[in-house]
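Enquirer: Going down the list, the protein sequences come from chains A and B. Numbering follows this note's numbering, in which position 198 of the first sequence is assigned residue number 198; successive positions increment by one, without gaps. Numbering follows this note's numbering, in which position 26 of the second sequence is assigned residue number 26; successive positions increment by one, without gaps.
Please keep in mind that the hints were generated in silico from the structure rather than gathered at the bench. Just so you know, not all the hints are guaranteed correct.
Okay, derived cross-link-like pairs now, SDA-like style, lysine to any residue, Cα gap no bigger than 20 Å in a straight line [as the list claims (entries may be wrong)]: (1) B:214 / A:12; (2) A:366 / B:316; (3) A:363 / B:8; (4) A:336 / A:102; (5) B:319 / A:254; (6) A:294 / B:70; (7) B:319 / A:41; (8) A:363 / B:15; (9) A:366 / B:13; (10) A:249 / B:3; (11) A:363 / B:14; (12) A:363 / B:16; (13) A:366 / B:70; (14) A:294 / B:5; (15) B:316 / A:234; (16) A:366 / B:248; (17) A:294 / B:118; (18) B:3 / A:250; (19) B:319 / A:94; (20) B:319 / A:253; (21) A:363 / B:148; (22) A:366 / B:4; (23) B:325 / A:260; (24) A:234 / B:67; (25) A:393 / B:14; (26) A:366 / B:3; (27) B:319 / A:234; (28) A:366 / B:141; (29) B:325 / A:254; (30) B:214 / A:249; (31) B:3 / A:342; (32) A:294 / B:67; (33) A:94 / A:14; (34) A:366 / B:67; (35) B:325 / A:250.
With beta-carbon atoms standing in for the labels, derived distance ranges [said to hold, decoys possible]: (36) A:12 / B:174: 41 to 47 Å; (37) A:43 / B:316: 40 to 46 Å; (38) B:113 / A:361: 29 to 35 Å; (39) A:123 / B:15: 53 to 59 Å; (40) A:294 / B:184: 40 to 46 Å.
Ideal placement from N, C-alpha and C gives every residue a C-beta, glycine not left out.
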Amino acid sequence: MSLRTFSRGGVHPPEHKLSAGNKIKELPPPEIVVIPVSQHLGAPAKVLVNRGEQVKVGQLIAESGGFVSTNIHSSVSGKVLKVDEFMDSSGYRKMAVQIQVEGDEWLETIDRSDDLVRNSVLPAEDIRKKILEAGIVGLGGATFPTHVKLMVPQGKTAEYLIINGVECEPYLTADHSLMLERSEELFSGIQLLMKGLGVEKAIIGIENNKPDAIEKMKKVVEGSRIRVQGLKVKYPQGGEKQLVQALLKREVPSGGLPIDVGVVVFNVGTALAVYEAVMKNRPLIDRVVTVTGKSLKKPSNFLVRIGTPVSVLVKEAGGLPEHTAKVINGGPMMGKAFSTLDIPVVKGSSGILLIDEQEARRKEVKPCIRCTKCLSVCPMGLEPYLLMNLSEKSLFERMEPEKVLDCIECGSCSYTCPSSRPLLDYIRLGKAEVGKIKRARKAV
Amino acid sequence: MNKFIVSPSPHTYTGESVPKLMYGVIISLLPALAVSVWFFGIGMIIVTFVSVASSILFEYLIQRYILKVKPTHLDGSALLTGLLLAFCLPAIIPFWMVMIGALAAIGIGKMTFGGLGNNIFNPALVGRVFLFISFPVAMTSWPEPGQWMHYTDAVTGATPLGLMKEGLANRTVGEIMPELPSFLHLLVGRTTGSAGEVSALALLLGMLYMMYRKIISWHIPLTILATVAVFTGILWLANPDRFADPLFHLLTGGLLLGAIYMATDYVTSPMTRKGMIIYGAGIGIVTVLIRVFGAYPEGVQFAILIFNGFTPLINKFVKPLRFGKEVKHG
Numbered sequence: 001m002s003l004r005t006f007s008r009g010g011v012h013p014p015e016h017k018l019s020a021g022n023k024i025k026e027l028p029p030p031e032i033v034v035i036p037v038s039q040h041l042g043a044p045a046k047v048l049v050n051r052g053e054q055v056k057v058g059q060l061i062a063e064s065g066g067f068v069s070t071n072i073h074s075s076v077s078g079k080v081l082k083v084d085e086f087m088d089s090s091g092y093r094k095m096a097v098q099i100q101v102e103g104d105e106w107l108e109t110i111d112r113s114d115d116l117v118r119n120s121v122l123p124a125e126d127i128r129k130k131i132l133e134a135g136i137v138g139l140g141g142a143t144f145p146t147h148v149k150l151m152v153p154q155g156k157t158a159e160y161l162i163i164n165g166v167e168c169e170p171y172l173t174a175d176h177s178l179m180l181e182r183s184e185e186l187f188s189g190i191q192l193l194m195k196g197l198g199v200e201k202a203i204i205g206i207e208n209n210k211p212d213a214i215e216k217m218k219k220v221v222e223g224s225r226i227r228v229q230g231l232k233v234k235y236p237q238g239g240e241k242q243l244v245q246a247l248l249k250r251e252v253p254s255g256g257l258p259i260d261v262g263v264v265v266f267n268v269g270t271a272l273a274v275y276e277a278v279m280k281n282r283p284l285i286d287r288v289v290t291v292t293g294k295s296l297k298k299p300s301n302f303l304v305r306i307g308t309p310v311s312v313l314v315k316e317a318g319g320l321p322e323h324t325a326k327v328i329n330g331g332p333m334m335g336k337a338f339s340t341l342d343i344p345v346v347k348g349s350s351g352i353l354l355i356d357e358q359e360a361r362r363k364e365v366k367p368c369i370r371c372t373k374c375l376s377v378c379p380m381g382l383e384p385y386l387l388m389n390l391s392e393k394s395l396f397e398r399m400e401p402e403k404v405l406d407c408i409e410c411g412s413c414s415y416t417c418p419s420s421r422p423l424l425d426y427i428r429l430g431k432a433e434v435g436k437i438k439r440a441r442k443a444v
Numbered sequence: 001m002n003k004f005i006v007s008p009s010p011h012t013y014t015g016e017s018v019p020k021l022m023y024g025v026i027i028s029l030l031p032a033l034a035v036s037v038w039f040f041g042i043g044m045i046i047v048t049f050v051s052v053a054s055s056i057l058f059e060y061l062i063q064r065y066i067l068k069v070k071p072t073h074l075d076g077s078a079l080l081t082g083l084l085l086a087f088c089l090p091a092i093i094p095f096w097m098v099m100i101g102a103l104a105a106i107g108i109g110k111m112t113f114g115g116l117g118n119n120i121f122n123p124a125l126v127g128r129v130f131l132f133i134s135f136p137v138a139m140t141s142w143p144e145p146g147q148w149m150h151y152t153d154a155v156t157g158a159t160p161l162g163l164m165k166e167g168l169a170n171r172t173v174g175e176i177m178p179e180l181p182s183f184l185h186l187l188v189g190r191t192t193g194s195a196g197e198v199s200a201l202a203l204l205l206g207m208l209y210m211m212y213r214k215i216i217s218w219h220i221p222l223t224i225l226a227t228v229a230v231f232t233g234i235l236w237l238a239n240p241d242r243f244a245d246p247l248f249h250l251l252t253g254g255l256l257l258g259a260i261y262m263a264t265d266y267v268t269s270p271m272t273r274k275g276m277i278i279y280g281a282g283i284g285i286v287t288v289l290i291r292v293f294g295a296y297p298e299g300v301q302f303a304i305l306i307f308n309g310f311t312p313l314i315n316k317f318v319k320p321l322r323f324g325k326e327v328k329h330g
């Protein structure tokens, strides 16, 4: 039987899942945390606490700043040192709450026991409300507020819930370890999401390089309306549009969302957070982060409080290797590089990847020889070489009809280019400029 | 505090490079080179060496002293152009003509357009056609195979395509065929012709290697060959006395070399799979038109150059299948 996958393009980078099979290790709260108030797509949350105030674990410290926004909770107990701008993974200084940790005192409403709770009696509306209150966002890295995704727009219907357990980025193993170690809770979380969304059918998509996770999840969901589907290993299968196509052979229209073809997609980490929020009253205050790299002593999967400095994680994983030249938030294909270890883990941090000097530097850019590789790997059927040429010459208005806005920024084109051309850099520039042109057109 | 390199994603690369691709093509040409040296001996060695050395030298000189840019003469592309040019010359052509051909290939074919990646026409073919027009006699004096030590005084003869073209003026295909090399000889390369295009087997082997290494896809070469086979097949079925059979057309002349190595040149061929098929079919049709109805016995070189000219147009109008249908937003 040939395994399912998406139809156009794709690449297969070497895997390096160094931390696979390592049990999730829970890290104690650090001495100081910095909790940014914009850890999600949409408007930043509004700060509710002041300097000197005492807070508990799970306490709301910033509330949703609009429709597409969400709540932020304290991940530790202690004293608010500062409400100020701090550098986050974007490289810019942004509003955050800095807390000095004192003890580990949790809000009493939070159920901290390991008891598994299943079969919620809550109506869909209450499930959605709890998710909104708990500040849950997509934990795959896109950080779109989960409660917004659960509100199906008028005129559209959700038929399927898809759970993204693909984890197609090389190196990352956070989702893999969740599926192995927290499968029962995940099952419950998926059922809650199905109820919140009002769908009867759910599919968990997992790439075939994680046979143990496929087996485990299959066993857990047996007898339910949830199906586990193994997928051929191919990047970027974790992309929403690619995953929907791989599992259901439905193509999300250009400029559209999965809901346009009756599907809503959530990451496995999100499903777990939903379980904890709804069944345990526990807001999103920690997450599993893979800390990895070829020279790192102990590549690991850590359960980390939000706001913990990355330097603490690296120390726990055996310390910073000598020739580290690049630190990446996420995987090597789509992750963001940052300049210092002095930034906090946020809701969207799926992994910390350390890269050595010889791999970190970009190679000299050579002329395009039109080898067609970028075109054949593009999962969206675009022409990266052409988009880069247009962007380089500032011919932005010609990029819109070439569908530049469909680019999902997976980086397959730059990855594969034998001339080391920075295709994605120029395409991103083009996307930004086309966005400006579109907004200007609307304003007229 | 540590300061790390910050650059946008992706942060990992395949390790593929232009020289690696070029040397991959060069490796795939080695069987054909070996067969040519076996049949044409010292002449082939001299022509190949002069062509490759002068292509690299001219690339260096033009970049260094005329264009004043960093020379890229060792990236494999000039070597490949030189090799391909040598492959489409008679093994007994005077060495100074080879040098002129290399100058035309690199100078006119490549550098006037801005070097690697910017040329519209295949440089080796530009060199070949330049020589073909400038020195028609030398360019059609084909040595008979099996003359190891001869360079300038070899016995020459017409190519199978040339014999067919002349013969058809007053005889039928059936009467001409006995004078031509057998299909077995055409397959291994024991025939008169351009040094590197004689052995069909060696060229097909090279094609398989390039496909295995994913340097080229099947779309261009197989479309050309299939189009030629179908077109000549129809003619042959209509009148077997007037038209040679498809196998004869596939195995003779520069068709295989052209289809596998010239038409697949990255820079001058279309980007999309659909575009490649249109381009391949066009080359196949024009090749047969020139061979069968035109003034020259051989047509693939002109067909490829003509369709090189169409490549930008094909790229403009033939788009890949985009993901997702259009959606209208209120």
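Enquirer: For each hint, tell me whether it holds in the structure or not.
Expert: Going through the hints against the structure:
| no. | hint | result |
| --- | --- | --- |
| 1 | B:214 / A:12 | 14 Å, holds |
| 2 | A:366 / B:316 | 23 Å, violated |
| 3 | A:363 / B:8 | 14 Å, holds |
| 4 | A:336 / A:102 | 32 Å, violated |
| 5 | B:319 / A:254 | 15 Å, holds |
| 6 | A:294 / B:70 | 35 Å, violated |
| 7 | B:319 / A:41 | 33 Å, violated |
| 8 | A:363 / B:15 | 10 Å, holds |
| 9 | A:366 / B:13 | 14 Å, holds |
| 10 | A:249 / B:3 | 45 Å, violated |
| 11 | A:363 / B:14 | 12 Å, holds |
| 12 | A:363 / B:16 | 11 Å, holds |
| 13 | A:366 / B:70 | 12 Å, holds |
| 14 | A:294 / B:5 | 17 Å, holds |
| 15 | B:316 / A:234 | 30 Å, violated |
| 16 | A:366 / B:248 | 42 Å, violated |
| 17 | A:294 / B:118 | 39 Å, violated |
| 18 | B:3 / A:250 | 45 Å, violated |
| 19 | B:319 / A:94 | 43 Å, violated |
| 20 | B:319 / A:253 | 17 Å, holds |
| 21 | A:363 / B:148 | 46 Å, violated |
| 22 | A:366 / B:4 | 25 Å, violated |
| 23 | B:325 / A:260 | 11 Å, holds |
| 24 | A:234 / B:67 | 44 Å, violated |
| 25 | A:393 / B:14 | 27 Å, violated |
| 26 | A:366 / B:3 | 28 Å, violated |
| 27 | B:319 / A:234 | 24 Å, violated |
| 28 | A:366 / B:141 | 41 Å, violated |
| 29 | B:325 / A:254 | 6 Å, holds |
| 30 | B:214 / A:249 | 27 Å, violated |
| 31 | B:3 / A:342 | 10 Å, holds |
| 32 | A:294 / B:67 | 44 Å, violated |
| 33 | A:94 / A:14 | 35 Å, violated |
| 34 | A:366 / B:67 | 17 Å, holds |
| 35 | B:325 / A:250 | 11 Å, holds |
| 36 | A:12 / B:174: 41 to 47 Å | 54 Å, violated |
| 37 | A:43 / B:316: 40 to 46 Å | 42 Å, holds |
| 38 | B:113 / A:361: 29 to 35 Å | 31 Å, holds |
| 39 | A:123 / B:15: 53 to 59 Å | 55 Å, holds |
| 40 | A:294 / B:184: 40 to 46 Å | 55 Å, violated |
Checked against the numbered hints above, the structure breaks hints 2, 4, 6, 7, 10, 15, 16, 17, 18, 19, 21, 22, 24, 25, 26, 27, 28, 30, 32, 33, 36 and 40 and satisfies the rest.
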